[in-house]
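Visitor: Chain by chain, the residues:
There are 2 protein chains.
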Amino acid sequence: MTRIHVVESVLKANDAVAAVNRRLLDSSGVLAVNIMSAPGSGKTTLLEKTIPRLAPEKAAVLVGDLQTTRDAERIASVAADTTQINTGTGCHLTATQVAEGLGRVSLANVAYVLIENVGNMVCPAGFDLGEHLRVALLSVAEGDDKVAKYPTLFQQADVVLLTKIDLLGVLDFDVQRVTEDLSRLQTRAPMLRISAKTGEGMDAWVDWLRQQRAQQRDRAAAPSA
Amino acid sequence: MTRIHVVESVLKANDAVAAVNRRLLDSSGVLAVNIMSAPGSGKTTLLEKTIPRLAPEKAAVLVGDLQTTRDAERIASVAADTTQINTGTGCHLTATQVAEGLGRVSLANVAYVLIENVGNMVCPAGFDLGEHLRVALLSVAEGDDKVAKYPTLFQQADVVLLTKIDLLGVLDFDVQRVTEDLSRLQTRAPMLRISAKTGEGMDAWVDWLRQQRAQQRDRAAAPSA
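So the sequence lines, in the order shown, correspond to chains A and B. Taking the numbering used here, the leading residue of the first sequence gets 1, the next gets one more, and so forth. Taking the numbering used here, the leading residue of the second sequence gets 1, the next gets one more, and so forth.
Honestly, the hints are just simulated from the structure, not real lab data. Values in this document were obtained by computation on a predicted structure and should not be read as measured data. Fair warning: there could be bad hints in the mix.
Claimed, not checked - To be clear about the criterion: a stretch of chain B counts as covered by chain A if any three or more of its residues have a C-beta under 8 Å from a C-beta of chain A, and this derived list gives those stretches: (1) 62–68; (2) 114–124; (3) 146–156.
From the three backbone atoms N, C-alpha and C, an ideal C-beta is built for every residue, glycine too.
Kindly generate the complete structure, drawing on both the sequences and the hints.
Guide: Here it is as structure tokens:
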């Protein structure tokens, strides 16, 4: 009983902090995106290739990792602001860690806060960070059964990015199977096929991101009901 | 304070059950192997291709997944006994789940219990299941930075399998970097390069497994100190 109680408290505390994060981001007119996937699906490469395409709008990046600053170092050259959050043995980011990260970001200078979560298809999906949108990556090298096996991550996603599609020719990967598994989840999230390496599909992804930001601005400008 | 106390209790309870599992396996002369990696590194394919090569010795398999029985269905045709353990939202197997799984296995009929953990590079490494050996897989499609970024998994491994090496030609993957990162962890675990698809390296891996089983038998036969 105690154990269940504690887990609930942790989640409630997390959600309270997440709500504060989201209010801060909204009041600053900044769109926050929580990017989640297994290790090695291409989150960091995606950020490296996405941020320059968003110019003149700028992005701050929060990078979650157990240890090392390798991802942050890769992103630092393209982002307006990069903060590494080392989780130690923690398998996901928490809203409190993101709150600490936001404390170091000049929100007036950026249009986006892009959060690269810890590489993990399970735990990050359970924790609201205060983001506006969730992006789930699936690399074609991981196999076409992953949507069925890790449904929570994909069910909550606002967009699914099928990454490393330049490898489709050398792998046994059935895109149709992924599409069918996604439709079973009754998600309305679009699936975009991209290769950060060749650039294929990157325009559609960046357009989608820009569109989400425009919608956020429209919502903010609308008279409240 | 309460939260820390609870986590310790969970780990202590897990370790107690793991110790019982290990004693049971030892008394049955069965070698138990805990196979861990990110989602999509090739754990299931590895099992499908490994078990027939172990004949005439037989293997029982415990498969951990959030949901679906897809992996178990793939393995059922080659294993003497296959048990699916659905963890729901649980991000790793626990010793108690393995104890339940072992309850369905005729240990007298098998030489190996092969445990496919939940696809996750973080959480499984923290939980002893009662296994004798830990195998960590790293697919070359995941990138050559993963040993540095997820050191706990690799530090505890008794063998590291570099999988999908048939893709090395089409990826920017620096094997030397992985070797160096492993040597920094001061692990004595060998790294074996394999492709379950082409069969390359599979003999060395199966030989290693057989050798470990022979050593277990030698230890059991030795007069206790």
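Visitor: Does each hint fit the structure? Answer for all of them.
Guide: How the hints compare with the structure:
no.	hint	verdict
1	62–68	holds (count 4)
2	114–124	holds (count 6)
3	146–156	holds (count 6)
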